[in-house]
Amino acid sequence: MSETLMILAPELILTATLLAVLLSDAARWRSFAYLLALSGTLCALLASALAPRGTVGDQLAIDAWAALARPAILLSAVLLLMAARSLHDDDDGPAWAALLLALALGALVTAASAHLLPLWLGLELMSLSGYALAGWRAGSRRSAEAGMKYVLFGGAASALSLYGMSHLYGLAGRLDFAGIGAMLAVDQPLPVTAALLIASVGLAYKLTLVPFHYYAPDVYQGAPPLAVASVGTLPKIAAIAVLVRALSSAVPESLVSPASVSGLLALLATASLLVAALTAVVARDAQRIIAYSAIAHAGSMVLALAARPHSSATAAAAFYLAAYVPATIGALLALALLAPTAGRTALVELAGSGQRRPWTGVALVVCLASLAGLPPLAGFLAKWGVLRAALEVGLGAPERSVLLWAAGALLLSTAISAWAYLLIIRAVFFQPAPAQQTTATPPLPPGVAAVLALCVAATLALGLWLSGFAVLLHSLHP
Amino acid sequence: MLIAAIVLAPVLAAALLAVAARSGARIAALVAAGGCALSAGAALALLPSALLVPETLTVPWAAPLGPDLALRADAWGLILASLVGIVGLCITIYAAGYLHGAPDLPRLFATLLVFAAAMQLIALGDDPWLVFIGWELTSVCSYLLVLHTRRPEALRAATTALLVTGLGGLSLLGGLVIVQQITGIERLSELPTARDHLLAHPWMPAALIAIVIGCATKSALFPFHFWLPGAMAAPTPISAYLHAATMVKAGIFLLARLHPAFGGTALWEALLGGLGALTVLAAARRLPSTDDLKQLLAWSTVLALGTLAVLLSLDGAAAMLAVVLLLLAHAAYKGTLFLVVGAIDHGTGTRLLPRLGGLARAMPWTAASGMLGAASMMGLPPFAGFVAKEQVKLAEAGWLASSTLFLSALALVAVAWWVGIRPFWHRAAEPPLAEQAHEGGLALLVPTLALAILGLLFGVAGAWIVAPLAARAAADLAGSAIDAGLPILPSTALQAASGFAVIACGILLAEQRERLARWLSLLPNGLSARLWDHALHAALAAGRAVVHVTQHGDLRGYLGVALLSGVALAGFGLADIAWTLPVSQIPLWMWPIAVLLVAGALMAAAARTRLAAIAGLGAVGYGIALLFVSHGAPDLAFTQVVVETLTVVLFVLAFRHLPELRAYALLERRRAVNAVIAVASGAAATALALAAETGTVPHLGDRLIAAAWERGHGANAVNVILVDIRALDTFGEITVLLLAAIGVSALVTAGSAPRPLLARSPILSAASRLILPLATLFALWLWWRGHHQPGGGFIAGLCVAAGVVLVAAARGGIAARRALLAPPLAIAASGLALAWLAGAVGLIAGGSFLFPHWLGPFGTPLLFDLGVLVLVLGVVVLTVEQMLIAEEGGT
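Chains as they are written, first to last, in our numbering: chain W, 1 to 478; chain H, 1 to 891.
Hints were generated in silico from the structure; no laboratory data involved.
Treat the hints with care, since some could be wrong.
Looking from chain W toward chain H, a few residues come up when the C-beta cut is under 8 Å (computed) [as the list claims (entries may be wrong)]: (1) L23; (2) L121; (3) V275; (4) P376.
Quick look at which bits of chain H chain W covers, simulated, 3 or more residues with Cβ under 8 Å [stated by the list, open to error]: (5) 163–174; (6) 538–546; (7) 565–574.
Here the structure is a predicted model, which means the values were calculated and not measured.
No residue lacks a Cβ here, since even glycine has one placed at the ideal position from N, Cα and C.
Generate the whole structure from the sequences, applying the supplied hints.
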């Protein structure tokens, strides 16, 4: 008993925190909501660092990936809560904090799930809270449209996924990944490949992989920046973690050869990388560019997974996440602070805003440069790890030569998207501000400044302290 | 440790500047000069060791994957490192005078120092990734430095330069990774040992081409040479440092490093020889028609880089020695002339060749520097240029390379004449301009003269100091030793005569500038720049096309693609599966249900009003409920009916906020697309279902019913699974449900006032008072019997919620809210709390969270189910609340 309790301590603490925050709303203790949420999440973070590995029934597995993903998710949630506390007023408090906690909870469940039920639960928990976060600015038509598009597209993807899962259950008679894998390895009912593919749509959608990415640009552009930072990062960590587990346990080699799994992933990655890069350069809104960047980065991570037989491939994906998350949160936060009119991040409106807040501008540049993959920042090392794994596997095995093309696509996409990031930097720093802006800039709220500094520090540290890669590799392949 | 100091000294100085950002320009310049001087000093101090055993430094950084901090100070690396340090020192002093009064000078110097450190990484890095890191950093620093003045034309030029070199950098990265994968070697210095293996590999050409592209972008080789003249928008000292002395040499430098591994292959010779020759031609074509002195220098740099590439394409130590010497000489004289042009610009306000003349009197020191630089560039003895030129003649070149080298020698003489001699000694074109000209002060003069004298020293002292070092570097690059004797003066009369003849021809040509320009204008011009622009536009157009076709903002299109992708996935998985249509096995009573389902779906699709569409969907829902009944699942059927009813009611409530459904005049094509998507989705689902039927399906039902009785002691398997066996999942699910409700209430904000649905009916109003208590009683009954018979908390919650909605419809939302006694969010949350409590009791009494614990007929699963009931009630009311309240004009 106590072992289960210990293993699940972060999830249980977070659920209790969620309940407490919801009740604090009912009890009209609104100003305490963030404090409650923050301290709860910090406790959960501590618990996740201390919690032992193990399994809970056949449903949740705290394996190497989950053990890495849980602290990462909770740490990101802490950052997002800190930022939200400074940027939102107390009135928003309980609901926003509760949605964020629910998103984090969903990510935790998804990341640890070894079973279709918790997987779907986690996905839905993330989706539902994401919808509400995206549609938050009730007065804004943009935000409302973003929320609505998110709901309808997400609903369709969830429905497809659930449909595939129910077929999978019917065919395999099991819901846990290992069980499904074992059943399918022995006895292969006919349409199981179709069921597997359809069931994975939900993950592809959470990862914003082409062709399930359509919602992302519209939603990211219209949604509040913190909502974008939340739905753009936490679900990705969770989806990659569970994808690794599902690929290694639920898809037996006798059913689908590893080479074709890797080919399919490489194909998805290539499409995502190229489509995102090409569309990013014609975007004229900073948050929209970040959306395309999210699509391209998802492509890179999936490319890392496509090179999975390579020992460092999963570590490359993990490192990629570690580089992507702080840079994305930092960039969006910086944009939110730089935008002269809240919630409007068109490049034209950002012109010259770097002069108003130079340090925020520098933080933005560091984060964007990392996303663009410039050395010596974390993003470079992440891209380099993926590239190296993909090329090594592609050169080593002729049946996987598709990985070579995907690696080429990664390079091309990196070059083109650097241009898009440059558009943002150029607008913020090198274009003159409109003349009428003479109003004083309010001081930076300390909470936001701290989050921004942490994101920049992480981006620099992961780039310079290269042993981080080795540490990841060791914890994933002890 | 000296080797680390070469890289770290500029970094530390930059850090110092970043900390003391408010320091004055003078202090900043001093700090920057100190950083460069330390770096140069360390490099010079290491020179003797480079001749014996190169010093190395390896700090493991990201083992086991690399990169490591591996530095290696061999002769070739130290030559570049010393150049970076010495020229950097001159440049910082010059910049302090030249940019006096410009904004943000400390930032400029800090960037300059970071750039210098990055260059040292390229020079000394033995780990290819370290070199790449330096490589990319120099591109970024270059962007920032060019943009320092924020002039609009600089913005465009800097962006082009960054894009070209950035793209090339990635190409280089790809090539280096392939080489590393082929050879398994992580050190550049060890690469020659794997030469045979490397050259035999089928991917070698791809790797080499990728690397050459990378180096060509950095060193402005054809067809990427166009960015360099554009980058002249930078302040002149920056151009002198980046675009003449150091950064543009990086590509040549790295190619030379790779010469022992790739040199001598046909591809290597063809690539470098061809690109080099084309670069020389392209630059020579532009020289006579360029008026701006700075542009002239930029084109002559392109010319020199092309010459270096041609020399690199050759085999043998003599050619490599020529590369080393030319690189050194070029850095010195080109740096000098850039600084001279800067001084002219500073002293007269113009850089246009036709306007200048007769400046020698007003600017004697600058004129002297210009003369020294020009002499070296022309190849007069005993200057460095002469030494380099004589060595070039010794290289074993074919006719193509020889003629390219000859053309390049002529062109260099002409440029030297135009830049270093003509502005000072030619008759003044605009006398007032010449009279008003003035020298720019010591900060400008000293570095210029210092660089000019350095060029002289390289030549004079060449035999003793430079020669052994250059010979060692050339031997490393060629893989074979070479005699180190370098001439200072021509050794034979013939040699002297041929040298002076070339110079004389060059000066004669230079004097025919306008005529040359007229003739050359017949040749094509600016092709590669146009090609680049076309490529950029093509990328933009492709992006716009993709956006137009896919990212149009129309949700229907998005959903269509997503659905079709799902269909494609199903089709991919079903491709090689045969299924049968078991028409004969369908029982007779199934047909009417099927007809109901199909008719409902068709009605929904063809409906002209929302109500009709909802009625159609409702019919589908009830048909599914009938299917559940016929398969022995009354529970599911019951739930389905209630959910369906509630959904219809919700739809109807929501519709009052929406405008009338317009009959959109859909294009025929659009209709057809919609129909295809719908039919394809249906067909895929049908095929999947039929394929599943044909396979071996395990009988889950029997197993689950048995498990429910054994483990949960309940006859209602559905309920037992929900609240007992899989209670943890249900707990998660109700949490999700609560979140969904919060989300809906956040999303749904009623805009316009709703149209009235129906007149308030007094009978309904009276009935609703009665119905709510009855519904509550009925719900409790359902909850209680759920363990063994059809029923359960979920359906019970829905029943109470239906009662509340009825109250709302009859007497208004506020009345409904009053009837509830508590805010719906609190109700829902307390439901979750009840479920949590049930789990906690299980934890304390049974040992694990949600472990069932029974006391007679009362057990924690019942408590859990009660939690579900309360939560479902709260959730439904929370969802409809917004619409109900808005109807009354808000509260």
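Quiz item: Taking the closest Cβ pair, is L23(W) under 8 Å from chain H?
Solution: Hint on L23(W): holds, closest Cβ of chain H at ~6 Å, below 8 Å.
Self-check item: Whether chain W covers the segment 565–574 of chain H (at least 3 residues having a Cβ closer than 8 Å to its Cβ atoms)
Solution: holds (count 8)
Exercise. Please count how many residues of the segment 538–546 of chain H have a CB within 8 Å of a CB from chain W and say whether that reaches 3.
Key: That given contact holds, which follows from 6 residues of the segment 538–546 of chain H lying within Cβ reach (below 8 Å) of chain W.
Exercise. Hold the hint about L121(W) up to the distance rule: shortest CB distance to chain H must be less than 8 Å.
Key: holds (4 Å)
Quiz item: Per the CB criterion, is P376(W) less than 8 Å away from chain H?
Solution: Holds: closest Cβ of chain H sits about 5 Å from P376(W), inside 8 Å.
Self-check item: V275(W) as chain H interface residue, shortest Cβ-Cβ below 8 Å
Solution: Nearest chain H Cβ about 6 Å off; hint holds.
Quiz item: With a Cβ-Cβ cutoff of 8 Å, does the segment 163–174 of chain H contain at least three residues near chain W?
Solution: holds (count 7)
Comparing the model with each earlier hint shows no violations; every hint is respected.
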